[in-house]
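Q: Sequence:
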Amino acid sequence: MILKTKDDLSLKKIADSGQCFRWKKLEDGAYFVPYKERSLIINELGSGEYELDCSEDEYKHLWSDYLDMDVNYAKIRALADKKSDPFMYEAASAQRGIRILRQDPFEALISFIISQNRNIPAIKNSIELICERAGKTYKDSRGNVWYSFPDASELNGMSDDALKECRLGYRFEYIRRTAAAVSCGEFDLRELRLLDDETCLAKLQSLHGVGLKVASCMLLYGLHRMDAFPVDVWVKRILTDKYPDGFPFEAYTPYCGLFQQYMFAYYRNTSGTDKE
DNA sequence: AGGCAGGCTTTTA
DNA sequence: TAAAAGCCTGCC
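Per the numbering used here, the first sequence starts with residue 1, numbered consecutively.
Derived by calculation from the structure, the hints in this document are not laboratory data. Bear in mind the structure is a predicted one, so any value in this text is a computation, not a measurement. Idealized CB from N, CA, C, for every residue including glycine. Please note: incorrect hints may appear among the correct ones.
The calculated label-pair distances, taken between Cβ atoms and stated as ranges, are [stated by the list, open to error]: (1) L239 to D7: 22 to 32 Å; (2) T137 to E250: 34 to 44 Å; (3) S10 to F249: 22 to 32 Å; (4) A251 to D197: 15 to 25 Å; (5) K136 to A78: 19 to 29 Å; (6) S153 to K82: 42 to 52 Å.
As a list, the in silico SDA-like pairs of lysine to any residue whose alpha-carbon atoms are at most 20 Å apart [stated by the list, open to error]: (7) K6 to C20; (8) K124 to C20; (9) K6 to S64; (10) K25 to R177; (11) K236 to L212.
Produce the entire structure from the sequences given, and follow the hints as far as they go.
A: Below you can see the structure in the form of structure tokens.
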């Protein structure tokens, strides 16, 4: 089908944003996008048109939600004011096209536990290995094989040897225990939806290997709480460099997380050294 | 009590 | 060789 939209939607910006680790750019420039047991191949045609290898019906009931198409990002982005916050205006303008995906919560949680103290290529590497070893095998519409991200039970079912092959290092035990807690029902991800942000952060930090940063990433990327504001080494630098007098949270509430994402991607892609 | 140093696996640049 | 979308433990 062909999707037409006037709102922000850049596949490249999203793929390079650091919020998801399994989008793949294909030879012809289209992107392969996995979500649970389904996959999408989407190609940007220009002029706000996109080609998707799914039916209108599947788009409406699945991919539209995943891509968060009901939210008007251009309108939110306009909160960045050129005069009062020139850096943010520049960052949001440069990174126009980013959206906060509605990813699978379990995949987001595990992915961001893995992400700690590592760069993005290394994170992608571990996640891909986990999918190959514990996920289910599928073929996309072009006949290429791909592996789903394992659910809690599948991940928990991995042998120590198989999990150690995924190069998790000291995070091995974190992943092991989190998968076990979610799998047996001791930690209920669905229950998180009922909690306010503060309580939700605390609950997530009760998991071994989850601190404030990973918990914040889970809120923003796994639970789509757009006000969650993960502070990592990059954002720390930005806050020091660009906001010595404090970050103006009031100006961006309740979308601080989206603006964090604009800053993060912008700073990483301009001042960063590990561009892809 | 709460803030800080040191250690942790492995990959990347 | 240092740094990487950090967290845990022990110490003061």
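Q: Could you see if the CB distance from L239 to D7 stays within 22 to 32 Å?
A: Given a distance of about 29 Å, which is inside 22 to 32 Å, the answer is holds.
Q: Has the given pair, K124 with C20, been kept, meaning a C-alpha gap of at most 20 Å?
A: Distance of about 9 Å is within 20 Å: holds.
Q: Regarding the pair K25 and R177, is the alpha-carbon distance no greater than 20 Å?
A: violated, 33 Å
Q: Mind checking the hinted window 15 to 25 Å against the Cβ distance between A251 and D197?
A: holds, 18 Å
Q: How does the Cβ-Cβ distance of S153 and K82 compare with 42 to 52 Å: does it lie in that range?
A: Given a distance of about 50 Å, which is inside 42 to 52 Å, the answer is holds.
Q: Sort out whether L212 lies within 20 Å of K236, counting only the CA atoms.
A: holds, 14 Å
Q: Given the hint of 19 to 29 Å, check if K136 and A78 actually sit that far apart at their C-beta atoms.
A: Taking Cβ atoms as reference, K136 and A78 lie about 42 Å apart, which means the hint is violated.
Q: If you check the beta carbons of S10 and F249, does the distance land in 22 to 32 Å?
A: holds, 26 Å
Q: When you check the alpha-carbon spacing of K6 and S64, does it fall within 20 Å?
A: Cα-Cα ~14 Å, so holds.
Q: Taking 34 to 44 Å as the hint, is the beta-carbon distance of T137 and E250 inside that range?
A: violated, 49 Å
Q: Regarding the pair K6 and C20, is the alpha-carbon distance no greater than 20 Å?
A: violated, 23 Å
In this structure, the hints that do not hold are numbers 2, 5, 7, 10, in rising order.
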